[in-house]
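Model the full structure from these sequences, guided by the hints.
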Amino acid sequence: MGETRTDEALIARVQRGEKAAFDVLVLRYQHRIVKLVGRYVRNPSDALDVAQDVFIKAYRALGNFRGESAFYTWLYRIAINTAKNHLAARGRRPKEVDLTGPDGEPLAIDDLQADDETPEKVMLVAEIKATILRTMAALPEDLRTAITLREIDGMSYEDIATAMDCPIGTVRSRIFRAREALDAQLKPLLEQ
Amino acid sequence: MDSIDEELSALMDDEHPATDAALSRLLAGNVEVHERWSRYHLLGEILRDANSAPEAQSLASRVHEQLNGEPFHLVPSPLNRKPNLWAPALAASLAALGVWGVITVAHGPERTAATPAVAVNVPPAPLLQPATRLETGPDNEAPTAGEAAAELRRRLNSYIVNFNEQRDSLAVPNVHPYVRIVGFDPGAPR
Chain A
1 MGETRTDEAL IARVQRGEKA AFDVLVLRYQ HRIVKLVGRY VRNPSDALDV AQDVFIKAYR
61 ALGNFRGESA FYTWLYRIAI NTAKNHLAAR GRRPKEVDLT GPDGEPLAID DLQADDETPE
121 KVMLVAEIKA TILRTMAALP EDLRTAITLR EIDGMSYEDI ATAMDCPIGT VRSRIFRARE
181 ALDAQLKPLL EQ
Chain B
193 MDSIDEELSA LMDDEHPATD AALSRLLAGN VEVHERWSRY HLLGEILRDA NSAPEAQSLA
253 SRVHEQLNGE PFHLVPSPLN RKPNLWAPAL AASLAALGVW GVITVAHGPE RTAATPAVAV
313 NVPPAPLLQP ATRLETGPDN EAPTAGEAAA ELRRRLNSYI VNFNEQRDSL AVPNVHPYVR
373 IVGFDPGAPR
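Protein chains in written order, with the working numbering: chain A, 1 to 192; chain B, 193 to 382.
You may find that some hints are simply not true.
[Claimed, not checked] Using C-beta positions, here's what the derived DEER-type ranges look like: (1) A/167 x B/282: 49 to 57 Å; (2) B/216 x A/122: 51 to 59 Å; (3) A/91 x B/210: 48 to 56 Å; (4) B/338 x A/4: 47 to 55 Å; (5) B/283 x A/49: 39 to 47 Å; (6) A/69 x B/297: 43 to 51 Å.
If you're looking for bench data, these hints aren't it; they were derived computationally from the structure. This one's a predicted model, so the numbers in the text were calculated from it and none came from an experiment. Even glycine gets a Cβ: it sits at the ideal position worked out from N, Cα and C.
Dropping the structure here:
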């Protein structure tokens, strides 16, 4: 969703030896990668281990990253291969299903997602979902519209500014305030 | 922008007007700033797909721990690297060397004496005559290097074609056909 410029700046810093920049990349993509790996690897604990392995491999291979594709696309492929290798090492063959990733590659889902989730995780996800939806509904309309156009529709600030007939600075501020309001509800849930 | 948090929000959308400066402030930020950066991304995931993975919050610290002992990446940034030309240059050099080698073989008088012993095994001449004999002009007109190389290639090709057509009748047990081809003597009378 339009993360290329920031990613490139972070990658350049990692390649210059600024290791902390890689931490920021991990923080950025950890949820997506764990979710992606979780489609292959049933056990949530194993999925976390595999996701960790994905980032370690990415760090070690970052010297070869040429920026020909987006960083997440590159990371995505590492994640898919690592998850498949994990299953192969355990003698389990992933089932191919009709889902595709960013590159159009079929996703292999090891099993239904719901089967491998612990009751605690199911409850936490449900609570987070309900809280976020409730908070979204309570947001002032201009904030809700701005964050929706950005996060769900993937529009640029410039396009949102045109759509909402306001300056880009206002869009930036509205999106931030919406995130701030949502984060205020999310943070305590994650700290439980 | 008012705060580092607002900068985070713009950075994650790739909409910060001064990416590098904002990244420096993000990298210099404390744990709370980094956690907020992560939660902002999680919020996006939740808004797009409620089946997100909140347990991933702990992953970054695990990766950080494991990478603690890793060396820095000191390679030049491939994003800014100029095109690498050594491979095409090497290939061109090898090709030139190969052409020079062919020309040398075609003209080198010492090659006549150095003909490998396996040349003795060349089958009788009638079987290995080229299908069409090429006229290269009067003997006193020395061919250029390019013409000599082309002639050599034509003759080699002709030998291979003829040999493949007649290989059954030439079959020698345990002798690979390639042995016969390398026994070709460019200085021999035609």
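In rising order, the numbers of the hints this structure does not comply with:
2
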